[in-house]
Amino acid sequence: KAGVTQTPRYLIKTRGQQVTLSCSPISGHRSVSWYQQTPGQGLQFLFEYFSETQRNKGNFPGRFSGRQFSNSRSEMNVSTLELGDSALYLCASTSWAGGSDEQFFGPGTRLTVL
Amino acid sequence: QKEVEQDPGPLSVPEGAIVSLNCTYSNSAFQYFMWYRQYSRKGPELLMYTYSSGNKEDGRFTAQVDKSSKYISLFIRDSQPSDSATYLCALKTGGGNKLTFGTGTQLKVEL
Chain U
7 KAGVTQTPRY LIKTRGQQVT LSCSPISGHR SVSWYQQTPG QGLQFLFEYF
57 SETQRNKGNF PGRFSGRQFS NSRSEMNVST LELGDSALYL CASTSWAGGS
107 DEQFFGPGTR LTVL
Chain D
88 QKEVEQDPGP LSVPEGAIVS LNCTYSNSAF QYFMWYRQYS RKGPELLMYT
138 YSSGNKEDGR FTAQVDKSSK YISLFIRDSQ PSDSATYLCA LKTGGGNKLT
188 FGTGTQLKVE L
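Protein chains in written order, with my numbering: chain U, 7 to 120; chain D, 88 to 198.
One should not assume that every hint holds.
Stated by the list, open to error - Below are the BS3-like pairs computed for lysine-lysine, each with C-alpha atoms no more than 30 Å apart in a straight line: (1) D:Lys143 x D:Lys129; (2) D:Lys154 x U:Lys19; (3) U:Lys63 x D:Lys89; (4) D:Lys143 x D:Lys157; (5) D:Lys89 x D:Lys195; (6) D:Lys195 x D:Lys154; (7) D:Lys129 x U:Lys63; (8) D:Lys195 x U:Lys63; (9) U:Lys63 x D:Lys154.
Claimed, not checked - On the chain U side, residues computed to face chain D include the following (Cβ under 7 Å): (10) Ser37; (11) Pro45; (12) Phe66; (13) Pro113.
Said to hold, decoys possible - Pulled a few chain D residues facing chain U out of the computed Cβ check, cut under 7 Å: (14) Pro101; (15) Pro131; (16) Tyr136; (17) Thr137.
Don't read these hints as lab results, they were simulated from the structure.
No residue lacks a Cβ here, since even glycine has one placed at the ideal position from N, Cα and C.
Working from the sequences, and respecting the hints, build out all of it.
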């Protein structure tokens with residue numbers, strides 16, 4: 007079974023631009039969560055989507071948004087990029103809405119904002 | 088104060104040593120406890136998953152949860168150089184899939 011895939015793997019953008027990252031969950035998984043990882047703050051939860059609905063949101067500004075499609079693939083968008091948005095963005099998939107199911111992470115998209 | 092505290096290390100041990108990694112937490116609503124391993128420039132890989140107090144063993148790895156003390160541990164026996172990575176504890180409440188992570192402990196196993 008293929009794992010979680012994320013595209014692109016690397017991105018370089020400049021301040022003020024916007025970016026869209028993509029995540030394809032494990033086949034059959036319906037929940038996708040996004041995380042930001044930085045050396046200073048560690049891994050922080052951005053948001054979770056289940057069946058095309060945002061179920062939970064972390065403490066990030068509105069510049070960070072996401073969506074999920076009917077095939078469970080998810081995208082996250084960051085508008086008006088700031089230098090501090092440079093990070094590894096990870097998505098994780100789970101088979102359903104919560105409880106004891108395990109979460110599996112993709113390799114991440116490394117975003118550099120210049 | 089952070090919800091989950093984890094010593095960032097770095098922790099350096101000789102090959103074959105027993106490694107003990109720990110996290111403490113403050114929110115008693117956490118019900119599920121995970122350990123992830125992350126190699127440099129890679130995504131986290133799930134190592135252990137537990138949801139009750141007590142021990143769970145898988146090969147060289149043992150996860151221990153003490154809910155009364157709000158303390159979780161991961162033990163690695165017969166550590167190998169390939170175990171050199173950052174180890175992250177992650178906790179989850181009963182609703183949704185939001186994981187709250189510790190800062191991660193960087194482990195180096197030396198020959």
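> CA of lysine 195 (chain D) to CA of lysine 63 (chain U), is that 30 Å or under?
Replying inline: 35 Å, violated
> Does the interface hint hold: is threonine 137 (chain D) within less than 7 Å of chain U, judged Cβ to Cβ?
Replying inline: 10 Å, violated
>> Does tyrosine 136 (chain D) hold up as a contact with chain U if the rule is Cβ-Cβ below 7 Å?
In response: Cβ of tyrosine 136 (chain D) sits 5 Å from chain U, so the hint holds.
> When the nearest CB of chain D is found for proline 45 (chain U), is that gap smaller than 7 Å?
Replying inline: Hint violated; proline 45 (chain U) Cβ to chain D Cβ min 10 Å, cut 7 Å.
> Keeping to a limit of 30 Å between CA atoms, is the pair of lysine 195 (chain D) and lysine 154 (chain D) held or broken?
Replying inline: Given that 30 Å is the threshold and the Cα spacing comes to 29 Å, the pair holds.
> Keeping to a limit of 30 Å between CA atoms, is the pair of lysine 154 (chain D) and lysine 19 (chain U) held or broken?
Replying inline: 44 Å, violated
> Going by Cβ atoms only, is serine 37 (chain U) closer than 7 Å to chain D?
Replying inline: Hint holds; serine 37 (chain U) Cβ to chain D Cβ min 5 Å, cut 7 Å.
>> So, as I understand it, the hint says phenylalanine 66 (chain U) touches chain D; can you test that by seeing if any CB pair is closer than 7 Å?
In response: Because about 13 Å separates phenylalanine 66 (chain U) from the closest Cβ in chain D, which is outside the 7 Å limit, the hint is violated.
>> Hint check: lysine 143 (chain D) vs lysine 129 (chain D), CA-CA at most 30 Å. Holds or violated?
In response: 26 Å, holds
> Is the Cα-Cα distance between lysine 89 (chain D) and lysine 195 (chain D) 30 Å or less?
Replying inline: 25 Å, holds
> Are the Cα positions of lysine 63 (chain U) and lysine 154 (chain D) separated by 30 Å at most?
Replying inline: 26 Å, holds
> Does proline 101 (chain D) pass the interface check with chain U, least Cβ-Cβ distance below 7 Å?
Replying inline: 27 Å, violated
The structure fails hints 2, 8, 11, 12, 14, 17 (numbered hints given earlier, in ascending order).
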